[in-house]
Amino acid sequence: MGRRRLKLIFGPSLVKEPVIYQLGRNFEIVTNIRRADVAKDHGWVLLEVSGEPEELDRGVAFLESKGVKVEPAEGDLVE
Amino acid sequence: MPKVIGLRCRECGAEYELQATHVCEMCFGPLDAVYDQAVMRKLVKRERIEDGPKSMWRYRDLLPVEDSVNIVTLGEGFTPLVKADRLGAELGLRNLYLKNDSMNPTNSFKDRVVSVAISWARAQGFETIACASTGNLANAVAAYAARAGLECFVFIPVDLEPAKVASISVFDPNIVAVRGNYDDVNRLCSQLLESTPWAFCNINIRPFYAEGSKTLTFETAEQLGWRLPDEIIIPIASGCQFVRHRQAARELVEYGLVRSDRVPAFTGAQALGCAPVYNAFVSGEERVLPVKPDTIARSIAIGNPSDGIYVNRIARETGGVVEAVTEEEIVDSMRLLARTEGIFTETAGGVTIGVLAKLARAGRWRGDETVVAYVTGHGLKTADVLATANGHAKRVEIEPTMKSFRQKVNI
Numbered sequence: 001m002g003r004r005r006l007k008l009i010f011g012p013s014l015v016k017e018p019v020i021y022q023l024g025r026n027f028e029i030v031t032n033i034r035r036a037d038v039a040k041d042h043g044w045v046l047l048e049v050s051g052e053p054e055e056l057d058r059g060v061a062f063l064e065s066k067g068v069k070v071e072p073a074e075g076d077l078v079e
Numbered sequence: 001m002p003k004v005i006g007l008r009c010r011e012c013g014a015e016y017e018l019q020a021t022h023v024c025e026m027c028f029g030p031l032d033a034v035y036d037q038a039v040m041r042k043l044v045k046r047e048r049i050e051d052g053p054k055s056m057w058r059y060r061d062l063l064p065v066e067d068s069v070n071i072v073t074l075g076e077g078f079t080p081l082v083k084a085d086r087l088g089a090e091l092g093l094r095n096l097y098l099k100n101d102s103m104n105p106t107n108s109f110k111d112r113v114v115s116v117a118i119s120w121a122r123a124q125g126f127e128t129i130a131c132a133s134t135g136n137l138a139n140a141v142a143a144y145a146a147r148a149g150l151e152c153f154v155f156i157p158v159d160l161e162p163a164k165v166a167s168i169s170v171f172d173p174n175i176v177a178v179r180g181n182y183d184d185v186n187r188l189c190s191q192l193l194e195s196t197p198w199a200f201c202n203i204n205i206r207p208f209y210a211e212g213s214k215t216l217t218f219e220t221a222e223q224l225g226w227r228l229p230d231e232i233i234i235p236i237a238s239g240c241q242f243v244r245h246r247q248a249a250r251e252l253v254e255y256g257l258v259r260s261d262r263v264p265a266f267t268g269a270q271a272l273g274c275a276p277v278y279n280a281f282v283s284g285e286e287r288v289l290p291v292k293p294d295t296i297a298r299s300i301a302i303g304n305p306s307d308g309i310y311v312n313r314i315a316r317e318t319g320g321v322v323e324a325v326t327e328e329e330i331v332d333s334m335r336l337l338a339r340t341e342g343i344f345t346e347t348a349g350g351v352t353i354g355v356l357a358k359l360a361r362a363g364r365w366r367g368d369e370t371v372v373a374y375v376t377g378h379g380l381k382t383a384d385v386l387a388t389a390n391g392h393a394k395r396v397e398i399e400p401t402m403k404s405f406r407q408k409v410n411i
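So the protein sequences, as listed, match chains A and B. With our numbering as the guide, the letters of the first sequence map in order to residues 1 to 79. With our numbering as the guide, the letters of the second sequence map in order to residues 1 to 411.
Hints listed in this document are in silico derivations from the structure and should not be mistaken for laboratory results. The structure displayed is predicted, hence computed values, not measured ones. Where hints are given, some of them may not hold.
Claimed, not checked - When the alpha-carbon atoms are kept at most 20 Å apart in a straight line, the in silico SDA-like pairs for lysine to any residue are as follows:
#1 7/A x 224/B
#2 69/A x 181/B
#3 292/B x 9/A
#4 69/A x 286/B
#5 3/B x 37/B
#6 83/B x 230/B
#7 69/A x 38/A
#8 7/A x 83/B
#9 45/B x 224/B
#10 7/A x 27/B
#11 66/A x 291/B
#12 16/A x 36/A
#13 7/A x 2/B
#14 7/A x 10/B
#15 69/A x 180/B
#16 69/A x 279/B
#17 7/A x 291/B
#18 69/A x 2/B
#19 42/B x 105/B
#20 292/B x 43/A
#21 69/A x 309/B
#22 292/B x 159/B
Same shape as in the complex, but just chain A (with noise of 0.2 Å):
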């Protein structure tokens, strides 16, 4: 098992969108909303995933190909 911590960043177009369930429905992964800010236009969201690896990889390669932007909860980190 690993676990990721993320930040979702979504546009106009995602607000309304139910992605974290959609990820929780369609993968092994199971999440956890530590943090969020949404407003009507865009918002941002600090959450947990646990699950196996490659199906992390495969949760987190369906979040981007729906738009939303993924990132480590922390920000950049290369400096």
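For chain A, the structure is supplied; the task is to place chain B on it using the hints.
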């Protein structure tokens, strides 16, 4: 008595024992080192600092390393604070100072944070130091790991410029060139944390690493005669150091090291090609939306800055601003600084001086304020941008004869 007693979440206040971790398990907020205030009030004295070494370790009482035996140093810090009369005259500032951090051992500000990070990691028994970097940080980590005799892993994007790779590889670290962009390196390192017993300077030991930034502001105050300036201009990448400079000013006041309790205005500088913090500042937004970096100021090109939100809060609270400059202004400012003060800075320094000049020309200051700009890296690190920018106007080419010299050179 230990000085550092644990970690605290900046968002929710959750407390943790001292350990190598950087994110709150509850809310994923950033963790900061917590000092025992009673111990600190007894320990921190101007006389002890002034009797210390001529390096940033004269402020060891304000840093998260308990035992001097573990300090890994190359003599970093206590860099010159230069009164910039010629640049000041061009900008209408009579009390302009430059903190020239390009004079550090690996020629950038990063030596401060890495010296603290590796000292802390060695004290905790870590045998391997790592980092994810695009240049300056990797350079410092590789040098200090060599100094300490620790195993070192540096993660870089595979297309990093050969000159940068050469200046890292001379210290003989393990270099992992990741086939991907910065985001891919970022993600990989985040995942590696779970499965490696390594101290990643800018990731899991970030709360301690970041503390090294404070010394830049401690030194500025001491070099001004234990006085804080009216305004400090700081380049913004992740925003991590900006936050620590605010903390440093607070500590200088709290421990009675400076005469006044007035805190400077903190002003941030970004390149317009990567300006997520500036964008949020000018729009009045709290949230900082990520951008895709596209700038020659690569050492500060962070599209999704971890501390961006805190930068804007501090700038607003202290009366500072966040400003940004174009690519052309960056190069012009590198030349301006070199031409007026004899200091050759990298592109990030061009951003800082560019913002200083832009604000001065827009009439931000009356002229008698004490303004300090932090010049955080040496120009040789990014000399290539000058080769491709506008040529040097004063160059002439002559035959090796007196006649040719007299014809072409106007003296």
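How the hints compare with the structure:
no.: 1; hint: 7/A x 224/B; in the structure: 42 Å, violated
no.: 2; hint: 69/A x 181/B; in the structure: 15 Å, holds
no.: 3; hint: 292/B x 9/A; in the structure: 14 Å, holds
no.: 4; hint: 69/A x 286/B; in the structure: 19 Å, holds
no.: 5; hint: 3/B x 37/B; in the structure: 8 Å, holds
no.: 6; hint: 83/B x 230/B; in the structure: 15 Å, holds
no.: 7; hint: 69/A x 38/A; in the structure: 14 Å, holds
no.: 8; hint: 7/A x 83/B; in the structure: 44 Å, violated
no.: 9; hint: 45/B x 224/B; in the structure: 17 Å, holds
no.: 10; hint: 7/A x 27/B; in the structure: 12 Å, holds
no.: 11; hint: 66/A x 291/B; in the structure: 19 Å, holds
no.: 12; hint: 16/A x 36/A; in the structure: 14 Å, holds
no.: 13; hint: 7/A x 2/B; in the structure: 35 Å, violated
no.: 14; hint: 7/A x 10/B; in the structure: 17 Å, holds
no.: 15; hint: 69/A x 180/B; in the structure: 17 Å, holds
no.: 16; hint: 69/A x 279/B; in the structure: 18 Å, holds
no.: 17; hint: 7/A x 291/B; in the structure: 14 Å, holds
no.: 18; hint: 69/A x 2/B; in the structure: 42 Å, violated
no.: 19; hint: 42/B x 105/B; in the structure: 32 Å, violated
no.: 20; hint: 292/B x 43/A; in the structure: 18 Å, holds
no.: 21; hint: 69/A x 309/B; in the structure: 18 Å, holds
no.: 22; hint: 292/B x 159/B; in the structure: 17 Å, holds
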